[in-house]
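Enquirer: If you want the building blocks of each chain, they are given just below.
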Amino acid sequence: MIISRFLRRGISTSTSPTRRRSWWDHVTPALKDPINAVTDAFLADPCPYKINLGVGAYRDDEGKPVVLQCVREAEGKIGATNFLESTSTAISSKLVEESAKLIYGEDSDVIKERRFAGIPALSGTGACRIFAEFQKRFYPDSTIYFPDPTWSNHRNIWGDAHVPGRTFHYYHPDSKGLNFVALMDDVKNAPDGSFFLLHPCAHNPTGVDPTDEQWQEISSLFKVKNHFPFFDVAYQGFASGDVERDAQAIRIFLEDGHSIGCAQSFAKNLGLYGHRVGCLSILCNDKIQAVAIKSQLKQISNTMYGSPPIHGISLVSKILSNPDIKALWLKEVKVMATRIQRMRATLREALERLRSPLNWQHITNQVGMFCFSGLTRAEVDQLAKEFHIYMTHDGRISMAGVTTKNVDYVARAIHEVTASDRDTKILHNIGAYKVNTDICSTSLGTNKTRARGMNLAL
Amino acid sequence: MEPTRIHSNGDSLFQDITFAPDIPVYATTAAYNKDPCPNKLHLGIGVYRTEEGKCHTLNVVKQVEQTLANDLSADKEYLPITGMPEFNKLSAKLMFGSGSPAIKESRVVTVQCVSGCLSLRVGAEFLAKHYHQHVVYLPEPTYGNHPNLISAAGLTLKTYRYYDPKTLLLDFQGLLEDLGSALTGAIVLFHACGHNPTGVDPTCQQWEQIRQLVRQRGLLPFFDSAYQGLVSGNLDDDAQSIRMFGCDGGECFVAQSYSKNMGLYGERIGSLSIVCKTADVARRVESQLKLIIRPLYSNPPIHGAAIVTAILKDRDLYQKWTNELKAMRDRLVQVRRQLYDSLCNKGTPGDWSHIIKQLGMYSFTGLNKDQVDFLTREYHIYMSSDGRINIGGLSSKAVPYFADAIHDAVISSLPSSTLA
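Chains W and Y supply the protein sequences, listed in that same order. This note's numbering puts the first sequence at residues 47 to 504. This note's numbering puts the second sequence at residues -10 to 409.
If you are wondering where the hints come from, they were derived from the structure by calculation, not from laboratory data. Be careful, since some hints might not be right.
To be verified - Only some residues are given here: those of chain W computed to face chain Y with a beta carbon under 8 Å:
{"id": "1", "residue": "199"}
{"id": "2", "residue": "322"}
{"id": "3", "residue": "349"}
{"id": "4", "residue": "352"}
{"id": "5", "residue": "355"}
To be verified - Some, not all, of what chain Y presents toward chain W, calculated at C-beta under 10 Å:
{"id": "6", "residue": "64"}
{"id": "7", "residue": "104"}
{"id": "8", "residue": "140"}
{"id": "9", "residue": "258"}
{"id": "10", "residue": "276"}
{"id": "11", "residue": "291"}
{"id": "12", "residue": "309"}
{"id": "13", "residue": "388"}
C-beta atoms are modelled at their ideal positions from N, C-alpha and C, and glycine is treated no differently.
With the hints as constraints, model all of the structure from the sequences given.
Expert: This is how it looks when you write it as C-alpha cells:
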C-alpha cells in the first residue's frame, strides 16, 4: 500500500517538531480526588487484612461487591445491544417516566399532569452537571448553596459550570447531628430566590438527615423566600430500606407546591455503579413548559454526550417498569439497607463494649451509607498507617465496608486511635471541668482544640 | 440569552424558557418517523443499516454481550475516572499502531470517554483550561455538533476551507492557505478519515503536506476519528493520518468513537488520547484530565468498554470484527457504485463521479436545499438539507428509487428553457 511505504520512508525532519518544547510543560500534577486517593492508597497496601471504608459502594457481609438479582433478571430480558433510534428514544422516555414516578410518587399530581421535564443522565454526577449548566444558562448571576459539608464533587460540578458555590450550616460537629437553628438562619438570610442543593436522605458525608418536622419547616421557609430546591437523590431506598419513606423530604416539598429539581442516581440503590445511569428532572407549571425545558436540557446534554449508554438505561427502565422485577428490587434494597443498619448497631455496641467513654450514639443516629465518625485527620491517618483501615480524611466511614468479620477489629482500631481523646475526657472528669465544646484545655497542661462533641459528663 | 426573572411565589423559576431549536438531524428523524409512506427512505442520520434497512448489531458484539451476561463473576463497580485501563491501552494501540514509538515511550495518555462527543468535549475543556490559545479552526463544513461541543468549553471557533462546492471534492489549496494564515498555536480540528458530512478526505500525500504546514506554523492538531475501518476497510490504513502526526515527535489530540465501526452507538463508548512530548508531561496531563472528568460524570460506563476490550484483545473476536467491518465497508462502496451507475444510465444531468470518489458513510450529493425539499415532498426521502446522504442508510434495493428521485429533482430544478 502506498500509505505504508510513505511512512516507512520516514517523516521529513525539516518539519519535525522534536526540538520544540511540549505545549504542556506548565501543566502541574493535579491533586488527587480525596475519595479516589483513599482507594488508591488502599489498593497499594499489601496488608492482607486491610479494610476499605472509603468509597461509597455497597459490599455484602463477605466484603464483596454485589450484582442484584433484579439486575440479572433484567439483563436476561433486555438481550443484546440493538440500537435503533426509535427504540432508544422509547427506552429513554420510559426511564424518565419511571424515575419520576419513583421519586415524586406514582399518584402525585406532577405525574398525572406530566408537569415534569426529564432526561436520562450519566448517573447523579451527570444529572447535577446538566442542571448546573442549565442554571448557569438561565440564571447566569446566580449562586448555589451547598450544605456544609457536602459530597466533595458538588463544588467541582457547579464550579466547572461557572456557578459560584456558597454554604449553609448543616452539620453540628459537637452533637454530630443537624445544626437546625443555624441552617434555618442561613436559609432565611440568603437572598430571595436562591438556589439550594439538598440531600433528601442519607446525607453524604455525614449521614445526618432532618426529621420530617424539620423538613416541613425548611419547606415552609423556602416558600417564604422563594428559594429553588435542587435535590441530589443518590440513596433512595438505602437510608430506611423503603423507597417511599426515603422520598419523604421531596413529597413534603411537593405538597407545599414547590417546583423542584432532582438528580437521581441508580448507582447505589440498584448497584449499577459502573453503568452510570441517572435521571435529571425539573418540575414545571404545565406540560407545555415541560416540553420547552426538556428541549433545553437535551441541548445541553448534546454538548456533552448526547445520551447515556443504552444498556444501563434499558436495565433501569426494565427493572422499574416490570412489577415482578421491581418487587424483587424493593426486597433487595431493603436487605442492603438492613445490613448497613445492623453494622452501625454492631460497631456502636463493639465500641461501647470496649468501654469507650466517648459517645458513639451518632453511629446509629446517622443514616445511610456513611457515618461521620468525628475522627480527626491525625486519627484517620493513624488508622491507615497502623491498622490498614482506610477512610476519607474528614472521618467519613463507608459503613458498607464494615462486615461481621471485621467490625470488632474496626472498633478496636478506632478505640486505640481515640486513646488521647479518652485521656482528655478522663482528665476532665478528674478536673471536674464543664467543657466548652469549642475549646478543650485542662489544668494538667493538655491543650487540645477541636470541634468535636464529646458530651462529656461531669 | 436574557436571564429569566425571579418570579413571585408559586410560579416556576423557568417560566419564561422558550423551546430550544430542533437539532436538525433529530428533526429529520422525527419527520421520517411520522411519515406513513411505505417507500420512505431515511438517509439523514449517521447510522449504518443492513441491506434490509434494519439497524445492525454486529454478530461479534452479540456474541460478546452473551458472554458478558453469562459471566456471573463480573461486578458492576465504578471504573477509575480515566476508565477501563485495558480498554485504554487497546484503543491507543488501535489508533496509533502497536509499534508506535509514542506508546512505547509512554507519551500517550488515553482516557475512556462517553462516546466521541464527550471525548471532544473533555479535550476542549482541557485546552480551555491549560492551553494558551483558545481558537479552534473547524473544517468548513463539519459534523453538526462540533461547534456546540467545542464552544461549550469556552473556545472560540473559526473555519478553514475544506470542501469545494464546485468540484464537490477537497479544496486543498484553500485549506493550505487558511491553515497557512491561521493564528500561531491555534487548534485545528481534522477528521481522521471519512469526513462527515462530505466524505471527502485528503490523499496520503496531501496529509503529509498538511502535517508539515501544521508543524511549521505551530498549530495543534485535534483529530476526530469516528470511522476507522469503515473507509478503506482496513483499520491501519484509516488511521494513517493520525499516525503521521503521532509518530513525528510532536503533540496532538485524538477523539475516538466506536459508535459506527463497532455499531455501539447506544453504548456511548469512545476515548480521548493526547500524545505528549515526554512521559512526565503525559502523567501530569492525565492527572489534570481527571479533574475535568470528575465534575462531568465522575467515571465512564463499563458496558461498552467491556465489549470493545473483549473484541480487541481476543485474536478470533478481532478477526471476526474486522471481517464484519470489511463487509460493512464493501457494502458502502457497492451502493455508491450502484447509485453512480444508475444516475449515469439515466443520463441525469451533472457529473456524479463524486459519489464514488467520496469515502465512508456519507456523500455530499451536491443537491441544494430546494432539491432536498423536493425529494422529501415528492418521494418521502429524508436527508440533511445540505445535501448529505448517509450511504449506510441506503440499501441496494432502494437505489433505483433514490436514483429516480434524484433524477426527477435535478430535472425539475433545471431552468425551463433547457427542458424544451
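Enquirer: Quick one: which hint numbers does this structure break? Sort them smallest to largest.
Expert: The structure breaks hints 12 and 13; every other hint is satisfied.
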